[in-house]
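Engineer: Protein chains in written order, with this note's numbering: chain P, 34 to 323; chain B, -6 to 442.
FYI, nobody ran anything at the bench for these hints, they're computed from the structure. We put the CB at the ideal spot given by N, CA and C, even for glycine. A hint or two may mislead.
Claimed, not checked - Here are some chain B residues the structure puts well away from chain P; computed CB gaps all over 10 Å:
#, residue
1, A106
2, P381
3, P390
Unchecked claim - Pairwise CB distance ranges (calculated):
#, chain 1, residue 1, chain 2, residue 2, range
4, P, M130, B, K77, 43 to 51 Å
5, B, Y20, P, S36, 27 to 35 Å
6, P, P147, B, L9, 47 to 55 Å
7, P, L151, B, G244, 43 to 51 Å
8, P, V78, B, R324, 49 to 57 Å
9, B, Q123, P, A182, 21 to 29 Å
10, B, R324, P, L54, 21 to 29 Å
11, P, M89, B, V13, 46 to 54 Å
12, B, Y117, P, P47, 21 to 29 Å
13, B, E159, P, E165, 28 to 36 Å
14, B, V13, P, L54, 16 to 24 Å
15, P, V313, B, D179, 57 to 65 Å
16, P, T307, B, Y20, 54 to 62 Å
17, P, A114, B, R324, 54 to 62 Å
Chain by chain, the residues run as shown.
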Amino acid sequence: MRSQTRTALLFASPWFIGFSLFLAYPVVASLYYSMCDYSVLRPPVWVGMHNFRNLMKDEVFWISLKNTAIYAGMALPLGMATAIALALLLNTKVRGMTIYRTIFFLPSLVPTIPLAVLWLWVFNGEHGILNEVLRRVGLPAPNWLSDTAWSKPALALMALWGAGNAMVIYLAGLQDVPTEMYEAAELDGAGWWARTRNVTLPFLSPVILFNGIMGIIGTLQVFAEPYVMFPGGSPARSTYFYTMYLFDNAFIYHKMGYACAMGWIMFLIILVLTLVALRVSEKHVHYQGG
Amino acid sequence: MGHNHGAMARSLLTPLAVVVLVLAAWYSEMVVRVPEPPGPVVVTYWEKWTSFEGDAMRAVVDAFNRKQNKVFVKLLTISGIENKTLMAVAGGNPPDVAGLYGPNVAQYADDRAVLPLDDFCAEYGISAAQYIPCYWDIGVYRGRVYSLPTTPASTALHYNRTMLREAGLDPDRPPRTIEELDAYADKIFQRGDRGRIVRAGFMPAEPGWWNWGWGCIFGGKLWDGKTKITANAPENVRAFEWIQSYSRKYGATDLQTFRSGFGNFSSPQNAFLSSQVAMELQGVWMHNFITMYAPGLDWGASPFPHPSDRPDLANSTFVDEDVLVIPRGARHPKEAFAFIAFVQSQEGMELLCMGQRKHSPLVKVSDRFWKTHPNPYVRLFADLAYSPNAIAPPKLPLWPEYGAELNNAFDQIALLKKSPKEALDAVQERMQPKLDDYIRVARLRGDEP
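Whole structure, please, built from the sequences with the hints as guidance.
Structural biologist: Below, the structure written as structure tokens:
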């Protein structure tokens, strides 16, 4: 028996070794470095809570946090609503539905960097296709990329491009809604909206919670798209997000300790938000058979 | 018995597997670290350049490798060179030579990430006297040499002669003072339907690479060289007021809309190459892009204008260079420097600078170089580099952060979100404590700044 355990451990060891070396160790080390003055190139010097105290006084830290919160506040509800709406639409019984599903999922397969470059053209204030359409229908055509008021909404709109991933998860969730529930509701005279509200959404609620938490994590860590599209968080730092300041501190300013402290603060923020989401959901999430 | 035997075999299996793993790891390390074969010492060299600039350096490397048989340089093209060199030094496995950017030198030297080269320079007879002063100076940090130049660059006003002519201006008489520049700009400026800007004479935000440095054009300093940040010096405020005057007279939003229609720098839709902006501060490299994307452009270059009340600031130019360093932990620093020294020779340097179509950072330049150089203004750029008003970013390890703050201040005043004084006061307030902190830590470490 013991030797069986040993064999099992042996076979699992590549994972254990990989996990310890490439995940557990960096996580623990970053906690230590967050309390050090550490430039990467010189040995770390212990400074206690100095980095955290400085962060609290750092104006740019607060700007980046505020930008991130505003972006998440726009992108998360917008993204979830779009994904649910698409999933509901794609769950109807129409001929050739698999083709539609594929079409709506395809955009999320485009790699981030080409996507960002592509959207730079879509959002171009003078020649962009979006503004071309807006002008045709007589709407104001803002400078999406260079106006501080429009740069964050532009990114939130762009994030919808990747709604396909969440959509597929919602679609899977929709398959689990028992048809007899719909039949019962129909017998009671419930219309489409009443059925959606009282049958579909409650059954979908665990999936919504899951996607919501993943969305919190994803939107708060937005990095690649703004990093490519808005160098230095331009214009006037309106798109300077938390992860961008973290990256600059770590790799441009060589303040790895400071960056690690930022990483841990982000971890705590996400942890607290997730716990709040779980707590709030207790009343509203219905688990089948639970 | 048989059962026991199997158990024993299994219990042996674990240590055996561990031994195999360790051996494999050790062997793979051996394979990676090939024991030096007899023959030339292989020097690894990381460089950022691609395309014709990369080809120019490859030609120099090939020339060096052909010339002697003791050292063989292996050139690798690496993107994000400064970050990868940082990580490689931290990981203890850096290349022998790395091609960083000039403004990296202070930061990397301060962190002891690159080796001082003074002894090597002395050995090879390389000294300041052989270089245009500003280009030698970029590699010096706290009195020691940490890098030597590859290709340098200085900047000048580039102007579109056709656009000047169309505005009734003399294309042979480019503006000499800031006031003339403004007057020229106003004459060239045009609006089209619905009041949209269709043509500009000059825009301080274009191309936007020296947004931090306009104060220097007005005689300002960003740092006193010791303990004081001088972001809000009167000259710097004056420069930012000048920048803001463009947003006020043409409209910040209108300028923004106009700018948002410009294509990438390296494309025919570039604002200058597509005749949308008539006058731009640009470097010696601009000629390459003109040849590539707008060969028919009728253009000229002249020293960037100075404020009319400060004739002493004539011939202001931003100077920068790419540099070669030997990272800390390099396996073959001696052989690495043999290669660097070859690049510093007149032969190596002219091969490189001609290939990249820049001027040479060396004082001694061959007649052939001048005669065959394709850029008709190459002498202007070389002469400007000798100017006492050559401007390089301050050699502060916290410059990347300081520069980001200045760029942000530029955005804020160009968008009329803050007054120049407010914006620069904010930079001052933010950076001075950081410099104080840096000096305090440096003293604690024992490296007196």
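Engineer: Give a verdict on every hint.
Structural biologist: Against the structure, the hints:
1. A cut-off of 10 Å between C-beta atoms contradicts the statement that A106(B) is not in contact with chain P; the least separation is 5 Å.
2. Every Cβ of chain P is farther than 10 Å from the Cβ of P381(B); the closest lies at roughly 31 Å, confirming the non-interface assignment.
3. Here P390(B) does not stay apart from chain P, with its beta-carbon only about 8 Å from theirs, under the 10 Å limit.
4. Our hint of 43 to 51 Å for M130(P) and K77(B) holds, since their Cβ atoms are close to 48 Å apart.
5. Taken as a hint, the range 27 to 35 Å holds for the pair Y20(B) and S36(P), whose Cβ atoms sit roughly 28 Å apart.
6. Between P147(P) and L9(B) the Cβ separation comes to about 49 Å, which falls inside the hinted range of 47 to 55 Å.
7. The supplied range of 43 to 51 Å is broken by L151(P) and G244(B), whose beta-carbon atoms lie about 30 Å from each other.
8. Separated by about 28 Å at the C-beta atoms, V78(P) and R324(B) break the suggested range of 49 to 57 Å.
9. For Q123(B) and A182(P), the hinted distance range of 21 to 29 Å is not satisfied, since their beta carbons lie about 54 Å from each other.
10. Separated by about 25 Å at the C-beta atoms, R324(B) and L54(P) satisfy the suggested range of 21 to 29 Å.
11. Look at M89(P) against V13(B): about 52 Å separates their beta carbons, and that is inside 46 to 54 Å.
12. Between Y117(B) and P47(P) the CB atoms are about 50 Å apart, so this pair departs from the stated range of 21 to 29 Å.
13. For E159(B) paired with E165(P), a C-beta distance near 29 Å keeps the hint of 28 to 36 Å intact.
14. Between V13(B) and L54(P) the beta carbons are some 19 Å apart, a value that agrees with the proposed interval 16 to 24 Å.
15. At about 60 Å, the beta-carbon gap between V313(P) and D179(B) stays in the expected band of 57 to 65 Å.
16. Evaluation of the 54 to 62 Å hint for T307(P) and Y20(B) yields a failure: the beta carbon distance comes to about 45 Å.
17. Range check, A114(P) to R324(B): about 58 Å between beta-carbon atoms, so the 54 to 62 Å window is met.
In the structure shown, a violation is registered for the earlier hints numbered 1, 3, 7, 8, 9, 12, 16, in ascending order.
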